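Engineer: Those protein sequence lines, which keep their order, are chains A, B and C.
Here this note's numbering runs 231 ahead of the position in the first sequence, where the first position is 1.
Here this note's numbering runs 5 ahead of the position in the second sequence, where the first position is 1.
Here this note's numbering runs 64 ahead of the position in the third sequence, where the first position is 1.
No lab work stands behind these hints: they were computed from the structure.
Since we're looking at a predicted model, the values are computed, not measured.
Label pairs and their in silico Cβ distance ranges: (1) GLY103(B) with GLN236(A): 31 to 39 Å; (2) ARG639(C) with ALA59(B): 57 to 65 Å; (3) SER676(C) with PRO96(B): 28 to 36 Å; (4) GLN236(A) with LEU665(C): 32 to 40 Å.
Coverage of chain B stretches by chain A, computed from C-beta distances (three or more under 8 Å per stretch; other residues unrestricted): (5) 7-16; (6) 35-49.
Per the computed footprint, the stretches of chain A lying under chain B, defined by three or more beta-carbons under 8 Å from a beta-carbon of chain B, are: (7) 266-273; (8) 281-287; (9) 296-308.
Backbone N, C-alpha and C fix where the C-beta goes; we use that ideal spot for every residue, glycine too.
These are the residues of each chain, in order.
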Amino acid sequence: MGGLQVPLEHVQVLAALLFSCGLLGLMLRRNIIFMLMSLEVMLNSAALAFVAAGAKWAEADGQVIFLLILSVAAAEISVGLGLVLQIQRRFKTLDMDSANRLRG
Amino acid sequence: MMESLFYIAAVVALSATILALTRANAAHALIYLIVSLLAVAVLFFLLGAPFAAALEILIYAGAIMVLFVFVIMMLNLGEAGEESERKGLHPRNWIIPGIMTALLFMELVYALEQVPALTSGVAVSPKEVGIMLFGPYVLAVELASMLLMAGLVGAYHLGRRFNVRNVGSN
Amino acid sequence: MNSLSLIPALPLVSAVLLMIGSARLSKRVVAIFGVGSVGLSALIVASVAQDFLTTGEVQTATLWAWISVANFTPGIAFYIDGLTVVMMSVITGVGFLIHLYSVEFMESDESFARYFSYMNLFVAAMLLLVMADNLLLLYLGWEGVGVCSYLLVGFWYRDPNNGAAARKAFVVTRIGDTAMALGLFLLFTELGTLQIQPLMAAANVQWSGGGTLPVLATALLLGGAVGKSAQLPLHTWLPDAMAGPTPVSALIHAATMVTAGVYLIARTHELFLLAPATMQAIAWLGVATVLLAAFAALAQNDIKRILAYSTISQIGYMFLALGVGAFSAGIFHLMTHAFFKALLFLGAGAVIHCLHHEHNIFKMGGLRTRLPVVFASFLIGSAALAALPFTSGFYSKDSILLAAWALPDIGPILWAGGLLGALITAIYSFRLVFIVFFGEANTEPDKQVGWKIAVPLMVLCVLAAFGGWIGQPLSEVFPATADFHNVAHSVEYIGIAIPLIGLLIAYLVFLGGQLSVSKLTDSSLGKALQNFWRDGWRLDALYHNLLVRPFTGLARLCRNEPVDIFYNSIVSFLRWSHRGLVSLQTGELRWYATTMVFGLLLLVAIMLRNAS
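Bound conformation, chain A alone:
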């Protein structure tokens, strides 16, 4: 398979853009499901940056980190969705602005 010869920074800029999108979503969306999606996007962008960096030096480390990020995302989403179910049961809403019982 032939290699890709785009500048590395283009890939990294794409990763940064995706990360920014995720961050923006996290800050803007009030629905917890969308917040979790934003988190997925952010993790994914980080994984893209790692894979690209691994490809630059033709090392396997980038993909190893990708695998770790994958497992983190899987664990996070399983717990997060469990929480979503509980929040829906308790507050009858997924709006995180109304579920603010931790107010100091």
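Since the structure of chain A is already known, use the hints to place chains B and C on it.
Structural biologist: Just chains B and C now, with coordinates in the frame of chain A:
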């Protein structure tokens, strides 16, 4: 040719992500998110990481997104939720987070400019990844396994029905 | 245990019994215990005095060692010499009469048993004071009588004014007691013992006359005596102490406790003889107190306050006697004063008792025929107080004045001061008699006195009239005083004449009306002077402004805890910061995310700055 494929996939990934995060309906958003993930899988493939691309599709687009679908189906969010979400996406709410995100992005780009380089175009085979994984990274694998175990237990625990006192039974 | 220890033990045991059984014992039993214990003590004292007078031997008795620390071993030990015998006789004799009197006076009081337990406790403490062979035991008795005085002045504690008077009595005497305690410390550190006789012997050996140490030590002891004996400037508690029951005033604030200061100085007179400066100060203090209290007594309307000021004034005479070195004259006056002042107080108590608790002399009047026994006792008491010839007060006061005259240099001035005091004394005592017992009757007595009141009055009448002929076995105790026989007869005649002149003035002003002072008293200066004297020369107000108000001001300042302001400000700053931080915790997930992004932004910016 390959370069243009990269840019097309990049544009698809970015636009699909933006669309996913601006939808009011969770199910629609999920479809766009899957598209975005598939585009990233294409990017992985192009960057010489076919194994990662396969895993991206299998686990991200497959397993995780299916979990999302399950939850959305279970919750059965109605029109009212959609309406309130749409209100929440009013441009007024965008300004400060938007500025902050733009700033962060510019900072990242500024940092990236310091190291101009080309991607090598050399593929890294799954075998090498496996050797690395169970060689120097074996401790990380153990940690990941423990994390997944914790996720499993946590999900099981949170999934149970609690006797809720102050809110009616469900 | 010999009979000596029984003297203070009997009232003490009775006091404890009455305290424990106050709720269960009937008034009859209480009276038997309360009066009987003091009566028995008086009998034992009489036998001890008889022994002493026949043998003339000093008796000592050591019951047990009280404290034993290194070479400091004060014991519970008694030392009985002529002075102690006189004091014991006065305390138990007059005390017994007053106890008997109290049975009738207090019979309708609900706290009958409490009253007698305090009174017995007082007698026990006072006996301990005079019998002690060391200054520490004396100090125990000294504080014991102070406590009893406090308890009895505030006996009717439901009235806050009585409580305030009791506190005042306690606190003001405490000032003197503190000085006295310091004096005891000084004596012990310098002379190594507190036993009175060895102490005086050691002082005579180690100290030279007129040195600094004797003056300092005796001045400190004098402080205690001044507080207890209500002398200038610590006399202000005594008029207020009249808030207690009248027999209490008779026993504690006229006959016994207030003379404890005189006893203390007489007991340690050898120390005082080493300090001529202190002696002179005592003499001047005495004269000043005589005059000040006599003028204050002249303007009082309350029958008990008149007597209170006259007590202060008479103790001033005793101090004068001590100051001029006529110790036996001072003790003699102490004894006669105990007789006639107890008589006057008991008479006043009888008047108050029979006149619906009326204290104002201008609401009395014409009691001569209505309360004849009381009138007789008041007449004799006032005659003795005014030192009319051949009454007991005459002999004692006369010897004091002669001793003062005999002193070189300042003697005549002291004598003249004392004489002026005697004149005023005669005026105010017969003012009292004339206003209360003669003239129009303003209040009718609602009862007559019973035998329990009449008998003590009559016994005291006899003592007040003829007590001047009782010889005192004091020649062994005190050094011989100067011989008065070479004093010019004119001086003696003046001393005899002055009280008679006073009586005449009082008669003309208050009874006959030939001499009108209304012009004098109605003028603005006269009125002001009258009010000034009635308020006791405004010394209370002076002390209030000089001492109490700065103190309460300081206390008020400290109540806000000025030191804590610093620490409290730290606390409030932390609270304020905490509130600020709490308001950050909104519980909204998006707010947390936004703030985290903000922090991230800053972190990346800082890292970039450092990298480039």
